[in-house]
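Going line by line, the protein sequences match chains A and B.
Numbering-wise, our numbering comes out as the position in the first sequence, counting from 1, plus 25.
Numbering-wise, our numbering comes out as the position in the second sequence, counting from 1, plus 13.
One or more hints might be untrue.
[Unchecked claim] Computed spacing ranges between beta-carbons, pair by pair:
1. N119(B) to F105(A): 25 to 35 angstroms
2. Q102(A) to T81(B): 48 to 58 angstroms
3. G109(A) to E58(B): 48 to 58 angstroms
4. G158(B) to D50(A): 34 to 44 angstroms
5. R152(A) to R68(B): 15 to 25 angstroms
6. A70(A) to N100(B): 27 to 37 angstroms
7. T274(B) to G136(A): 26 to 36 angstroms
8. F105(A) to R159(B): 30 to 40 angstroms
9. T186(A) to G306(B): 37 to 47 angstroms
10. G109(A) to R25(B): 27 to 37 angstroms
11. A70(A) to Q279(B): 51 to 61 angstroms
12. E170(A) to R159(B): 30 to 40 angstroms
13. F105(A) to K62(B): 34 to 44 angstroms
Simulated from the structure, these hints should not be mistaken for lab results.
All values derive from a computational prediction rather than experimental measurement.
Here a beta-carbon is modelled for each residue, glycine too, at the ideal position from N, C-alpha and C.
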Amino acid sequence: MIDLDAEAIYRRFAARVRERTAGRDVRLVGVRTGGVWLAERLRDALGIRHPVGVLDISFYRDDFDRQGLSPTVKPSQIDFDVDGKNLLLVDDVLYTGRTVRAAMNELFDYGRPARIDLAVLIDRGGRELPVEASVVGATVEVPREVSVVLSRDETGGLHLTLEQHGG
Amino acid sequence: MAEVGRHPQLNRNGELHHLLSIEELPRAILERILTTADSFINLAEREVKSVPLLRGRSVFNLFFENSTRTRTTFEIAARRLSADVFNLDITRSSTAKGESLLDTINNLTAMQADMFVVRHASSGAPYLIARHVAPHVHVINAGDGRHAHPTQGLLDMYTIRHYKRDFTQLTVAIVGDILHSRVARSAIHGLTTLGVPEVRAVGPLTLLPGGLEQLGVRVCTRLEDGIRGADVIIMLRLQNERMKGALLPSAQEYFRNYGLTPEKLQLARTDAIVMHPGPMNRGVEIDSHVADGTQSVILPQVTFGIAVRMAVLALVSSSQRMQ
């Protein structure tokens, strides 16, 4: 029903990111976990020398009261000073916008970036906050009860699957 | 409010709801606390050292017994999670006016407390409070009598894991006043639950409680035997009042027999770490050259203690959704 060839979407996504960031000194920050995979591949593809920043937004989520703490929480790691930098925030799927809000809140606790752009592999609509991406690999429409899940195999290949969840 | 037969610390889903003692907690819960603490360790390097996780929650520090150090680390932990912290000096206020423990708790609950961090001279006081509070309120034991000091035990486990990685190959010696030490008791439960194959309790017979062997602990009355080949040495604070009773002859003699000196430390493995819950009595249980030496991890313990307490506060709050 929907074209979910992750590698093809990624190639388009990477080309758009390259176009968007041409001639600018950009630092990549990936949102764990899928966003980090993408940011690492973009770093190699674009020849960016700076390390990829890693955000785990578990401590910034607005649904802590309902969901509790993620059992897989890991440390965020940003090994560069974000002050005055151009940041490209990378995530796999943009949905309600809440993850992006949490990620931006966390980034500001590291300093004051000059600019933050957002690049997402998949935009599935359904926004609950005024958040839009600067770069989108593909836009898909899926029902509420379906999750779009990015996974990575042992060889680093990306896969997108649609998963039905309860409710 | 409490249901008969319910686990005093876990909710129906097996999640940590109160932290009262390391004893009776499953290994998976201890590991989850240590893993969660990892995520809080490098917060101190950021421009903003706090995260918004517990924004709007009220944490009450109820210290019925003085402990500036423990109270301060809990306060820092709660503030780094953006909670509102209230310190109540209970020893000087309501209880002095004759208010009962549970009346005090009821009053504080009416002030919209979400969490109580309790230090009490009586063993079991935090259990009494935990049984009595409203279902959404969490209780953390910050030391009760001789019974338990679970966050100290957990920070000891965190420290050991940080330096030694694998618990299942270790020899750990706990040295000193095991009898009166809630720190020792919590450490023993933590170490055995996490799979440490050899835990030794080292001290004079008058300061060793009965029943250690049943906990899987090897008892040594000579320091030299206790620390030989050890990977980790946990020195306990010798409290001055023990000297006044008949339990010990003098501080000098205690130091001669059980004080950890650089010479004695050589009996342990060359990469052994030395821990101490603080505050130290230099020249009583530990020589300054050891306390300040390269094998000492006493100050890192303090730093790790904040991350571990943050993890505990975050995890108990996280269980709230079950109610």
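> Which earlier hints turn out false for this structure, listed by number in ascending order?
Replying inline: Going through the list in order, the structure violates hints 1, 2, 3, 4, 6, 7, 8, 9, 10, 12 and 13 and respects the others.
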